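Construct all of the structure, not just a fragment, from the sequences and the given hints.
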Amino acid sequence: MDTLLVPVQILLMLFFAPLVQGVIKTSKARWQMRHGPGVLQPYRDIAKLLSRESVQSDKASWIFTLAPVVYAAALMSAAVLIPTISERSAVTGIADAILFVALLALGRFALALAGLDTASNFGGMGSSREVTFSALIEPAIMLVIFAIALPIGSTNLTAMAGADIAAVAKILAFGALLIATITETGRVPIDNPDTHLELTMIHEGMILEYSGRPLGILHWATQVKQLAFLSLLAAIFIPWGMADAGDHSISALGVGLGAFTIKVVVLGLLLGVIETSVAKLRIFKAPDLIGFASVLGVLAVLASYVVER
Amino acid sequence: MEEIISFETASKAIDLAALGLLALALFGSIVRRLDTAILLLALQGVMLGIASGAAALAEMQWRSWAAFIVAIGVKAIVIPLALYFVLSRLSITHDLETTISTKVAFPIAALMIPLSYSAIRPFTEGEVRAFDAPNALPAAMALLLLGLFTMVIRKNALTQVIGLVTMENGIYLAAVAATRGLPFTVEFGVAVDVLTGVGVMGLLMHEIRRHNPALNMDRMKGSIG
Amino acid sequence: MSGLSLPAWTMLLPIFGYLAAVVAAILSVNGKNALRPVSSLITTASALIGVVVAVSALLDNETQTLRGWELFNGIQIGFRLDSLAAFFLLVISFPAIAAAIYGIGYLDSAHEPGHAAAQLPQRAGIDGAAGAFLASMSLLVLADGIFGFLIAWEAMSLTSFFLVIGDGANTARRSAAYTYVVMTHIATGFILFAFLGLAQHAGSFNFTQIAGAAGSLGAWQRDATFFCALLGFGTKAGLIPLHIWLPKAHPAAPSHISALMSGVMVKTAIYGLIRIIFELAGPGPRWWGTVLILAGIVSAVMGILYSLMERDLKRGLAYSTVEHLGIITLGLGIATLLFNDDRPELAAFALFAVLIHLLNHAAFKSLLFLGAGAVQTATGTRDLERLGGLIKRMPRTAIFVLIGAASISALPPLNGFAGEWLLFQSLLKLGGSDDTAPIATLAGIGAAALALTGALAVACFIRLFGIGFLAQPRTDEAADAHEVSKSMQFGMGLLATCCLFFGIGVTFLLRLIEPVVAQLSADSAPPPVLFARGVSTDSLQGSYAPLFVALGLVVVGILPWAIARGLFGKVGRRIAPPWVCGFRIETGMQYTATAFSKPLRLMFQFVIRPDRTVVIDHPDSPYFVTGVHYDETVRPIYERYIYDNLVRGLFGFSRLIRPMQGGSIRAYLGYVLVTLILVIVLAR
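Protein chains in written order, with the numbering used here: chain C, 1 to 309; chain Y, 310 to 534; chain L, 535 to 1218.
A few of these clues could be false.
[To be verified] Some chain L residues flagged as far from chain C (calculated, every beta-carbon gap over 10 Å): (1) Thr705; (2) His719; (3) Leu726; (4) Ala736; (5) Asn874; (6) Ala982; (7) Gln1124; (8) Thr1147.
[As the list claims (entries may be wrong)] Once the Cα atoms are required to be at most 25 Å apart in a straight line, the calculated SDA-like pairs of lysine to any residue come out as: (9) C/Lys285 / L/Asp917; (10) Y/Lys321 / Y/Ile381; (11) C/Lys285 / L/Arg1174; (12) C/Lys285 / L/Pro1144; (13) L/Lys1132 / L/Thr975; (14) C/Lys170 / L/Lys1104; (15) L/Lys1104 / C/Arg52.
Calculated directly from the structure, the hints in this document are not laboratory data. Since we're looking at a predicted model, the values are computed, not measured. Just so you know, even glycine gets a beta-carbon here, dropped at the ideal spot from N, CA and C.
Here you go:
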């Protein structure tokens, strides 16, 4: 039964991702006193793209064609590692936080190369900035992982979920990981995901040349990444509601599913609120925020040892 | 072959020769007239001849005799003659330019002697020396230092050669006194070395003389690259 | 699985083989052209034998010694093949196979525009020196005593010096070679101090006996030995700031030699450090490990930062070597700290990480250098800004370099990730070993630094591969490139396969390394539990199963496309020019390597401190600009603040004492006299 949970989780991630995206966009719209396109709009967008023909640059090589495949594979594999409905599934043995981060890097690698492959300057700029920001935020993410993992002695995601560490440490780590989520998903104040201007093109710059089905897959995978981060936040900091290991009863899984839905929706709304409340940072001021996240991470590590549990 | 003279006699002879060498070297470092300097060097050779001759007479081995012949032949005759030859071609007779005056040089040179004695003393106490000549080794050390000292304070190439040969005489004396004659190959090698050195220097002096008739070493500084 | 139980003398076979290659090279100087590859082929065979001997020794798990011959005064030159030596022999030999085969084709081709391929005498020199180089490195790890070690060390330095300087005609190569030889001899001096101190204490030059006496070393002598070893081996390993020779020397040599220098030679320094820390100078105080960790962090971060700023392909790779040696030193520091803290089982884990990463780095760094050489052969340039579009013109080389770049970026499931994962786990264990805040913070900062370097490495190699191989050619030389010869492809392909195999087959590698770790952490608990599926420590402890990850990626990757196909059927794909705001695309529109790293240069400028000059020409009026000149140079800070001042001080001091060497013979004699008198006075 543990094994069945894996495809369930994959499908869960695939089909929840656009929903979460829709929730964030609609909530932002409502905050901004607009009506918004509707919570289900991302589904329609992806469906539209998946059915369209794609146009590829004549300067590009097989890297361009292969990148969306690798990107999607990496991000989806990363997403499947996180405990969502149940504490344990068939992949729990290898669900390692560091592997999670590395799979994200794999996806980024593929996409950044594709950005350079198009021989246009937008792609290059997008790749350059994407690798810069991820380079800056990775230490912060690693510090958060270590803040949780050091006291319990393991980087396994299930072990980290609901780990018993000092509340202060958890708050600090949550702050750091939230900033990391904002950076990785390219939301305000790091980047504005609603525009496609080169001033804000980190992610959008890299995929500018894509169209049709590959673009649909890329958008889908990016939304899965967003959901993965939100699930990570949920799993580590608000783990209640997850079915216990080995408990495969429908009621437990149902409760787990419900809890998961509520958690990611709430976190998505939180992201929306943040996006609406603050202005986007100038791009070379962004490292200050990321540095702040690293400091929070270090403090979290310290706190989990200095403060009594 | 049994010895012609006794061990004690030979030791005394060597001892006296050592003292003589000491005196000759001391004066040789401050003397100004070049022909006198060469004469003193020749006399050093004679002293060495006495020493090695006594050793030979006491040991009656062929290598001791060879040492004697080398001492007399090379050091008392050949080298001084060569130096006289060079001297005759030079334009000067006196080593006029010195770095430090005789007043200062003499005490310093004299100081080298007690220094050598005190340096050698710990090595010779309680040891069986080849010949019972307590002055030999310290004198040898002093000859070394005096020869080097001569080379430092004199500007003329000729006196430099004299200093070098003095140093070698010191080593020779030590070898004769300490080893009942001479380890033949060693000394032979050293002697040939020095002979060659002197020969080379002679050639060089010939060449240098063309530009530097007084053979003033300080003037040669400029030709260094 | 056990090894072949080869007799002891077989350990010397590879060395004899390499020497035979040297002889073949010498003999081929005046021979026919057909004889050209003979020396390289003999080297390949010897390296292959080396791999076999090494793997067999590791599987057999028995130490074999060979009595050598006695020199004088009881100084023996003997050989010992224990597990550590066998492992390093493996690290030396397998890149050598690839490099030797690659060298056949590489030396056949011209590398600079206008220059011809290496002529026979030159080629014989390179082949011969390469053979001697490999022989000396193999001897180094087999040496049973200080003398053998030092002789092999010196031989290694000299042969590599000759390989770097080439025929001495190129000024840049000469300067690089001189810097190299000076630094390496300073290093040898320190190593000499360290070893001789140990030998004097133990009363013997033999490693086994010194190891036996390690327990009774005095505290300050132990520390002094470590310090000297750190400086000496650290220079050879390229720890900042002792690494200045590395970015100059490694690019200057022929590419397959650069591969060996970066992939293998620097590892011999780690070998020396491991011997001293774990065997010869025994357990020491805590600060050893902390110093190593901090030195490793500094090297790693600065190394990769400077690599990102480089335009020269090979120099960028050299800085990347500095980075990885920093990472290895970090791991070694963790192991040392735990070992000195009397936690041998945790130290063992860290040692696994260090050794795996060492092996992997040999694989992918050599591969990348061979790739750089291929690029240079095909285009005649090493400058990233002049390349581009090579993926279509050199398709196979591009794939190999891509595998190398992905491996070095630590992407799962390739081999680089396995090493980094193990290192992160070691940091975790370090933090957990001691329930205090300082150690935990050290572990956390170490992890942050490791993550930073990993992410920067990803950036660096995306830049390298993306700018160099993708998009359009930036110059005609790049446009005229063509695929390189078969032997070069084979060499690169061999290493690429190694990267793939080492990545998926990590478990097998760990089993090979087990005896080494057991030997080093002495009488300790057995090494961590290894699951059949992958590397792991315990259940619900972090674990990693590379095969699963690879399969998972494939399966999961197909899914979205399958869904799309199922829902919407097949769609077409059109090829068209890219969109650049309506302009016609030109090669100048592409991103450049300098531009790619600009954001990082800006954000790390407090470290890098680039010098920027902008000159604006406006002859008539400030409003009519006729030209703008922009110059940005990155002068490494250690050069600016440390070495420049050091050199200035040295020259100043030399000027001060110059009058002493006035040329006056009598002055020199005077020095001799004074010294002699002093000696007499003092020796009484």
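Hint check:
The claim that L/Thr705 lies off the interface holds: its Cβ sits roughly 35 Å from the closest Cβ of chain C, which is beyond the 10 Å cut-off. Interface exclusion of L/His719 from chain C stands, the closest Cβ pair being 37 Å apart, more than 10 Å. For L/Leu726, the condition that its CB be more than 10 Å from all CB atoms of chain C holds, with the nearest at approximately 40 Å. Residue placement check: L/Ala736 keeps its beta carbon more than 10 Å from all beta carbons of chain C (closest about 40 Å).
Every CB of chain C lies more than 10 Å from the CB of L/Asn874, the least distance being 21 Å, so the non-interface label holds. The beta carbon of L/Ala982 is not kept farther than 10 Å from every beta carbon of chain C, the shortest such distance being approximately 4 Å. Not every C-beta of chain C lies more than 10 Å from that of L/Gln1124, the closest at about 5 Å, which undercuts listing it as non-interface. For L/Thr1147, the shortest C-beta to C-beta distance to chain C comes to about 21 Å, beyond the 10 Å cut-off, and the non-interface label holds.
Among the hinted pairs, C/Lys285 with L/Asp917 is inconsistent with the structure: their alpha-carbon atoms are about 32 Å apart, more than 25 Å. Between Y/Lys321 and Y/Ile381 the CA atoms are separated by roughly 19 Å; this keeps the pair inside 25 Å, and the hint holds. Of the supplied pair hints, the one linking C/Lys285 and L/Arg1174 is violated, its CA atoms being roughly 28 Å apart against a limit of 25 Å. Straight-line distance between C-alpha atoms of C/Lys285 and L/Pro1144 comes to about 19 Å, which keeps the hinted pair within the 25 Å bound.
At most 25 Å may separate the alpha-carbon atoms for a hinted pair to count; L/Lys1132 and L/Thr975 exceed this at roughly 31 Å. Note on C/Lys170 and L/Lys1104: the hinted pairing is violated, with a Cα-Cα distance of about 48 Å set against a maximum of 25 Å. At most 25 Å may separate the alpha-carbon atoms for a hinted pair to count; L/Lys1104 and C/Arg52 meet this at roughly 9 Å.
Violated hints, in rising order: 6, 7, 9, 11, 13 and 14; the structure is consistent with all others.
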